[in-house]
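Trainee: Chains as they are written, first to last, in UniProt numbering: chain D, 1 to 242; chain G, 1 to 242; chain B, 1 to 242; chain Y, 1 to 242; chain W, 1 to 242; chain V, 1 to 242.
One should not assume that every hint holds.
[As the list claims (entries may be wrong)] Computed list of lysine-lysine pairs in BS3-like fashion (alpha-carbon distance at most 25 Å, straight line):
1. 55/B with 227/W
2. 109/Y with 50/G
3. 56/D with 153/W
4. 237/V with 153/V
5. 86/Y with 50/W
6. 109/W with 153/W
7. 237/V with 55/G
8. 50/V with 56/G
9. 55/B with 86/Y
10. 109/G with 86/D
11. 86/G with 153/Y
12. 86/D with 86/W
13. 110/Y with 153/Y
14. 86/G with 55/D
15. 86/V with 86/B
16. 50/G with 56/Y
17. 86/V with 50/Y
18. 86/B with 86/Y
19. 56/B with 153/W
20. 56/W with 50/D
21. 56/B with 56/D
22. 50/Y with 153/Y
23. 50/B with 55/D
24. 86/Y with 86/D
25. 110/B with 237/B
26. 55/V with 50/Y
27. 153/W with 50/D
28. 86/B with 86/D
29. 153/V with 86/W
30. 153/Y with 227/Y
31. 153/W with 50/Y
32. 86/B with 86/W
33. 86/V with 55/W
34. 50/B with 56/D
35. 153/G with 86/G
Worth flagging that the hints you see were computed from the coordinates, not collected in a lab. A quick note: this is a predicted structure, and the numbers were derived from the prediction, not measured.
There are 6 protein chains.
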Amino acid sequence: MSQFERSGARATDALRPVCITRRYTAYAEGSVLIEFGGTKVLCTASVEEKVPGHKKGSGEGWVTAEYGMLPRATHTRSDREAARGKQSGRTQEIQRLIGRSMRSVFDLKKLGERTIYLDCDVIQADGGTRTASITGAFVAAQDAVNQLLADGKILQTPILDHVAAISVGIVQGTPLLDLEYTEDSACDTDMNVVMTGAGHYVEVQGTAEGAAFSRQEMDALLVLAEKGIAELIALQKNSLLN
Amino acid sequence: MSQFERSGARATDALRPVCITRRYTAYAEGSVLIEFGGTKVLCTASVEEKVPGHKKGSGEGWVTAEYGMLPRATHTRSDREAARGKQSGRTQEIQRLIGRSMRSVFDLKKLGERTIYLDCDVIQADGGTRTASITGAFVAAQDAVNQLLADGKILQTPILDHVAAISVGIVQGTPLLDLEYTEDSACDTDMNVVMTGAGHYVEVQGTAEGAAFSRQEMDALLVLAEKGIAELIALQKNSLLN
Amino acid sequence: MSQFERSGARATDALRPVCITRRYTAYAEGSVLIEFGGTKVLCTASVEEKVPGHKKGSGEGWVTAEYGMLPRATHTRSDREAARGKQSGRTQEIQRLIGRSMRSVFDLKKLGERTIYLDCDVIQADGGTRTASITGAFVAAQDAVNQLLADGKILQTPILDHVAAISVGIVQGTPLLDLEYTEDSACDTDMNVVMTGAGHYVEVQGTAEGAAFSRQEMDALLVLAEKGIAELIALQKNSLLN
Amino acid sequence: MSQFERSGARATDALRPVCITRRYTAYAEGSVLIEFGGTKVLCTASVEEKVPGHKKGSGEGWVTAEYGMLPRATHTRSDREAARGKQSGRTQEIQRLIGRSMRSVFDLKKLGERTIYLDCDVIQADGGTRTASITGAFVAAQDAVNQLLADGKILQTPILDHVAAISVGIVQGTPLLDLEYTEDSACDTDMNVVMTGAGHYVEVQGTAEGAAFSRQEMDALLVLAEKGIAELIALQKNSLLN
Amino acid sequence: MSQFERSGARATDALRPVCITRRYTAYAEGSVLIEFGGTKVLCTASVEEKVPGHKKGSGEGWVTAEYGMLPRATHTRSDREAARGKQSGRTQEIQRLIGRSMRSVFDLKKLGERTIYLDCDVIQADGGTRTASITGAFVAAQDAVNQLLADGKILQTPILDHVAAISVGIVQGTPLLDLEYTEDSACDTDMNVVMTGAGHYVEVQGTAEGAAFSRQEMDALLVLAEKGIAELIALQKNSLLN
Amino acid sequence: MSQFERSGARATDALRPVCITRRYTAYAEGSVLIEFGGTKVLCTASVEEKVPGHKKGSGEGWVTAEYGMLPRATHTRSDREAARGKQSGRTQEIQRLIGRSMRSVFDLKKLGERTIYLDCDVIQADGGTRTASITGAFVAAQDAVNQLLADGKILQTPILDHVAAISVGIVQGTPLLDLEYTEDSACDTDMNVVMTGAGHYVEVQGTAEGAAFSRQEMDALLVLAEKGIAELIALQKNSLLN
């Protein structure tokens, strides 16, 4: 079978150009613009010296995320969630995923009784907004933690490992890494994978959009994802150098 | 390492007793009480002769799901979502999952311009409510489709295959099939798997609650899930015989 | 005038078969499935060791109720209130009625600063859901109180008397006890009566659905209601024996 | 037992001074300020040439009511429902009662496919706001109907009879007509009665606030209510003369 | 150019008849019905012995306003905001304006840690409801402050000056004072001006409804407004004499 | 009196550096990032081929605006409006202002029955977000109109003139142009002015935050605003050249 041809002659196992810009806005403790090709997400980390009710008095902190999309981030304008008066199921699902992913690499005890909010706002959407959000939010969180260390508010980092995420999917029978919008719309199977720097899984969410997928197909996708996440973690590390 | 001991000396790869009661309530086109041990979910299928906006005039039908939990289905009373005025992120995530799972085995063209609503209401919750919901909702949907066929409203079944779901997880290092509440609370990794009768994946949602999990662990969980789902589909078939 | 003929040749002054099943679910302090013919309501009583704001520091407790209906409890599917984001006026009216009825037989001082929540969830609706809810909720409340006594949390029962409720109405000129759905839809006058074991009124709510009703008609309805409630209270007592 | 002494030496079976002012505001088809002593309610009737969905194409009209209370109508300020974002259960219960009461004397066929909205807004509350609302809303509705007749939009009145309402209650053992706020707060039993000009019941809503009430007590209250409503209907007729 | 002719041959620089009725309702600390011609607004001032969160422990009080309109205050019925479940942008804009205007003449320190709520409810609307609200609310606030002084709760008045408001606009090229509804609908430029007794500006809100307006036009409008407000403040003072 | 010293030695009548970047995102018909110093707002114009209800069948189009702020656009994190479930009064006030300002320079007839949505999302806030939004939204709207002209959907531009906005205020007695955040927080009087290319006023909104302001002060502010807006319109024109 002839392989699906990607835009820009991208290889099936290639990430789109990834660009991580730290200190993108001025006030947040961490502020990162992450771009996966045409997908652009602003990830900010905000530190607040209080915790939600279920953590009060526990000595532990909390890490949580919110996700939003500007109305015209997409090809056609979407309703503004604030105007509609509620967040969609999709938005809530994504922000819960980002939050769990971040907490998987945090020792909440070492964070102390404070909260890190990770706000991931999509400026432009071309597929993979949730995986870009996780990958960028980690860098913003790292910057916020570095600030806490620099200020002497914590003495040890609560961050245990890197975490990053990528989408993989099968389009016209071809397993692809890092789906862009047109690929995502056409795919039979879509999988989002979140992994740590140590190469372990934090989340695996595979969905058959069309036909159900076989064990062999899942295995092929997991191999692609592992490759992509290793590259993303290298890029995170590089961006944090300076 | 010594293995985690399950309540009732249940084997690590054993389902809890599963009970499927059809025609549980009188009015719905399909009405199924499904029990996975102490978890009891009432799944009803309701047919309405109209479709949501995005399907109008398409000649295609729609299959969707809603999920709810009675306030005292759980060990301690939860707030009633209708009283709080909104469904939680968890509820929305689950009902989206049930809906996608059902649609994966439906040919919406053959359904015609009508909607099947699958309402999954948890009467008692002891872990695995979303997987019981999917497994029971399929049987309710089948009953509703049989009614449509009997009434001559459709001539061919739109159902392409069975679909069922099960949870698997790793508790104290031991991979377990079909987690009950105490196991779910204690697990490091929790995975919900939805598969078709043909043995293909519809959804795989694995989450590291504690430590991230390795590829080997995921493989062990997938094997358990495949075994459990094959058994559930046999039970679905058996319950649909009479 | 020839009398209205009831389904199953039921006498005009006869209740439908009433079935009270205690300990229907596992976790609630009181859990009762009550059936008035085809109407099935799950009534749970949950004890929480706190009170709403207006009772804080008063030394008194509180008893309150919430009411819900599964979407397909009815002949055609109703919208889920949690999905619509608010409880209907009808729902609020019913749950306020149940709460007042329960409090009418409670000495809140003797309950101590704790709350009993009575959740009445309609599994199947064939008329009389609010009266079945009150009648069943009393049994669930009694079970919860017995638990508090057994646990030594209270030394004297706060329950002063039984309370039960029944609907009566005039259909085609015939006064009827315990209306089922088809009778309720056809009735000219509909009255819900709540009474104590001592035979006193807690609530009388009569509504002319069609023509306004005369004093004689009201008197006839009150006699029927008194008979029905006496029978219901006998059934409550019997169910509480074992 | 010595009788309860009412403010202003009012007799137990006496209404407070009732004042009905028609054409109170300029724009509504009917606009009535009704005063029961210190209770002042502005009742407007608005005609709209459309009907709600369930009446579309039926050839029938609809009559409905909304109820509100200015924040400082009461002794202490209440939250504004528009600011809280929802109407309380009490508000909804009252507006449903007003609507049913009005519809009981309307032939919706003769109204034609249009809606009469009755807005009852409490300017000052001293007990009996719902009964004043019903009594005043009838006069406003009559004015709106007269306008429709004068405009030739309908040829026959859809109004079948008068309707009015009064509260009765038992305070310290004494049955009283037309409770003011201090009496209402102190009463053991509170009953709202809605009757037609023909002397038939539209609604009877009796509630034991303290001890449950006996049949004899209810009978005494119904006699009082009948007397009060006859007087109110005479006042309605008188106000409609000019 | 021939001048725009006003209803009742009103001069271009004349206010409509203004009527200020104090103690209009019984319970509020200040209760003022203010009429600007056909516009009638009930302004009540309620004192509560607590402050919002941002003032707690500050030793300062707070003054805030809420605004509402009865559904049939207008020519055609508007939806009730409590029923729709939210206040419109217009309502919020107006109540924020009233609140700021009141606070501009209050020394919050001298008020002590208490709140004055100014509820402005429009009974009938014929243009200028926001300016009537501000002008009337000041009188209600003054009455509430006088009550606090009389009760010895404060020793010095926190009120620094009078404040009043008026609308001005350009209709068919003619600058007009105090627009009524038909003028407001037809105007090219609409300006609301809030001024103190000392003749200084608190708010100036000019809006071009049609063509943008020139500096000369604005100057003409400001002169008119200054004249009107001086008259309103004289009327406030007069009404507060007795 | 010594003059207030501005950051960066900015002159009292100087704008901050203004930067207008067109085509900032890929999908919107107009997409402009506008920066007033540290204030950065993304303004997108989206064309939809339908109009709101009040314009249906009129042959006229509609221009409207929505405004939002990313949670960490500000010094401390603000709640996300979509998560809170409603837009604040401030948000609604601002988006109504932007919408009115845009419509003041649009001939809605020439636009045809379509809507231009202007979404103004604040990426970073350092004072003046509403005036930057208006100034940037105009450029985005112009780009969208140019697209409609290029596509032949309209034959004549519906845009009648430029429109731009600036804030002015009095800080410590000194009138200042284009307030940044620290100035805005400290100012006694704050005025937002919206003007057309022809030098006429569209909106003037002056508010005394502290002491009321005199006519002379207002005049000084209007002169500053006129200077600033002329410069902004020159910058708009320049940015639209290429």
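Trainee: All the hints need checking, so say for each whether the structure fits it.
Mentor: Now the hints, each set against the structure:
no.	hint	verdict
1	55/B with 227/W	violated (55 Å)
2	109/Y with 50/G	violated (30 Å)
3	56/D with 153/W	violated (39 Å)
4	237/V with 153/V	holds (24 Å)
5	86/Y with 50/W	holds (24 Å)
6	109/W with 153/W	holds (13 Å)
7	237/V with 55/G	violated (46 Å)
8	50/V with 56/G	holds (19 Å)
9	55/B with 86/Y	holds (23 Å)
10	109/G with 86/D	violated (32 Å)
11	86/G with 153/Y	violated (44 Å)
12	86/D with 86/W	holds (13 Å)
13	110/Y with 153/Y	holds (11 Å)
14	86/G with 55/D	holds (23 Å)
15	86/V with 86/B	holds (16 Å)
16	50/G with 56/Y	holds (19 Å)
17	86/V with 50/Y	violated (31 Å)
18	86/B with 86/Y	holds (9 Å)
19	56/B with 153/W	violated (28 Å)
20	56/W with 50/D	holds (19 Å)
21	56/B with 56/D	holds (22 Å)
22	50/Y with 153/Y	holds (13 Å)
23	50/B with 55/D	holds (20 Å)
24	86/Y with 86/D	holds (16 Å)
25	110/B with 237/B	holds (22 Å)
26	55/V with 50/Y	holds (20 Å)
27	153/W with 50/D	violated (37 Å)
28	86/B with 86/D	holds (13 Å)
29	153/V with 86/W	violated (38 Å)
30	153/Y with 227/Y	violated (36 Å)
31	153/W with 50/Y	violated (54 Å)
32	86/B with 86/W	holds (13 Å)
33	86/V with 55/W	holds (24 Å)
34	50/B with 56/D	holds (19 Å)
35	153/G with 86/G	violated (36 Å)
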